[in-house]
Amino acid sequence: MEIKQLEQLLAESDFFKDLDPAYRQMLAGCGRNVVFRPGEYLFQEGEHAREFYLIRKGKVALQIKVPGRGPVILQTVQDGDVVGWAWLVPPYKRQYDACAIELTRAVAFDGVCIRSKCEQDPKLGYEFFKRFAAVMAARLSAMRLQLLDLYANP
Amino acid sequence: MPIRDVINRAEAEPVLPDPMLVQPWRVRRLVRETADTFTLELQPQASSGQMRFKPGQFNMLYVFGVGEIPISISGDPAQPRMLLHTTREVGAVTRAMRQLRPGAVVGVRGPFGTAWPIEECEGADVVIVAGGIGLAPLRPALYQILARRDLYGRVVLLYGARTPADILYRRELERWRARFDLEVYATVDRAMSGWRGNVGVVTALIPRAPFDPSSAVALVCGPEVMMRFAVQELLKRGVQPGAIYISMERNMKCGIGLCGHCQLGPAFVCKDGPVMRYDKLADWLQKWEA
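Note that the protein sequences, when read in sequence, are chains A and B.
To convert a position in the first sequence, counted from 1, into this note's numbering, add 11.
To convert a position in the second sequence, counted from 1, into this note's numbering, add 124.
A portion of the hints provided could be inaccurate.
What the hints assert, rightly or not - Some, not all, of what chain A presents toward chain B, calculated at C-beta under 8 Å:
hint : residue
1    : GLY79
2    : GLY81
3    : PRO82
4    : VAL83
5    : ILE84
6    : THR87
7    : ILE112
8    : SER127
9    : PRO133
10   : ALA148
11   : LEU151
12   : GLN157
13   : LEU161
14   : TYR162
15   : ASN164
16   : PRO165
Unchecked claim - A few chain B positions that, by computed beta-carbon distances, are all more than 10 Å from chain A:
hint : residue
17   : VAL155
18   : VAL190
19   : ASP200
20   : ARG212
21   : PRO226
22   : ARG299
23   : SER317
24   : TRP319
25   : GLY324
Stated by the list, open to error - To give a feel for the contact side, a few chain B residues facing chain A, derived at Cβ under 8 Å:
hint : residue
26   : VAL214
27   : GLY256
28   : ARG286
29   : ASP290
30   : ARG314
31   : VAL323
32   : VAL325
33   : THR327
34   : PRO347
35   : MET350
36   : PHE353
These are calculated hints, taken from the structure and not from any lab test.
Think of the CB as a built atom: it goes at the ideal place given N, C-alpha and C, for glycine as much as any other residue.
Chain A extracted, bound-state conformation (with noise of 0.2 Å):
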């Protein structure tokens, strides 16, 4: 995909829409096109965290490998969502495995490079940590929610 036509996706995803355009030029420059087939991992727990991902198609299980009882799937994330954020809180590392179970078609981001472009322009910086805050509110909610197991006979 082009530069040009990354950028469009970027104008069209929920996340980035609002975006400036100029960020969303740099960010185009960020990103490139990654395939993964069912049962490839994005990333793994405890690895260091260099990239997110924005989903285009396909569905992704966030997972954590517990002992005894193989990995538990904490959620799945799909078309539209986005995908990791270890690479914006030290000490950078991967909390739980990102597996894809379907094949997905993402742009994986270059966090690094991003995040010190973020140190350089704090404004963009702000973007950043406003859409990811927003990312981490709603999984924090679905998290308490599950933990209250609601459904369970009482």
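Model the placement of chain B on the given structure of chain A, informed by the hints.
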């Protein structure tokens, strides 16, 4: 008043059955839905017996010698000679109910309570949000909507269960999913590797569900906390507070607003509910004491 007038009036007005009097219904079969839920299929003991009910209403079911509990009707309103009640094995009465065999007789009082606003949904998109066993009281609404499908806009069912093994009416969900005129999205709160469906809370399905919030009517049923969060997401999406209906659950005993056990603020859930409009109930949902 002259005696003749009294007699004439009695002839003109239908005599309503005593709501405290149980009617005998016979167990036709008992279907195990999941590890801890089952559906009781009842048919009237009398050949002329039947029960007209509206989607969302409930019955008081009496297991003789054990006790009486309220259970939503989960069958098809178009089949008044077949009562279906899906419930979870959770207390003495449901445990005894689970042991009933075909031919056993239970006492039934009802139907009681308010219904889902099916007529109000005509011309609108309909969003049905169900959590866990909350799908049971919504199933009659879906039957009625699908029976006259052309009267409604988009119809979307969002369903959340605890795990893949806890998904209710699995075969029926598959059939519904195969229809072109019904959008079905299911998710589970937790799953092991190998599950290919969605994982996450049911409320997370609302932002991406295909419906027009400005004209949508939402029917929500599930645990109360789930309903609160579902309503928040529906409001965030732009659904009007007056177009959101929830089905409340309280300690219903008499079924006719007499005993007061199910009082929720100014309302009795058995009589003014269980289906209630969100904007009329919003203040009371946040009150711990209610």
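| task | Identify every previously stated hint that the structure contradicts and give their numbers, smallest first. | result | 1, 8, 9, 10, 11, 20, 23, 24, 25
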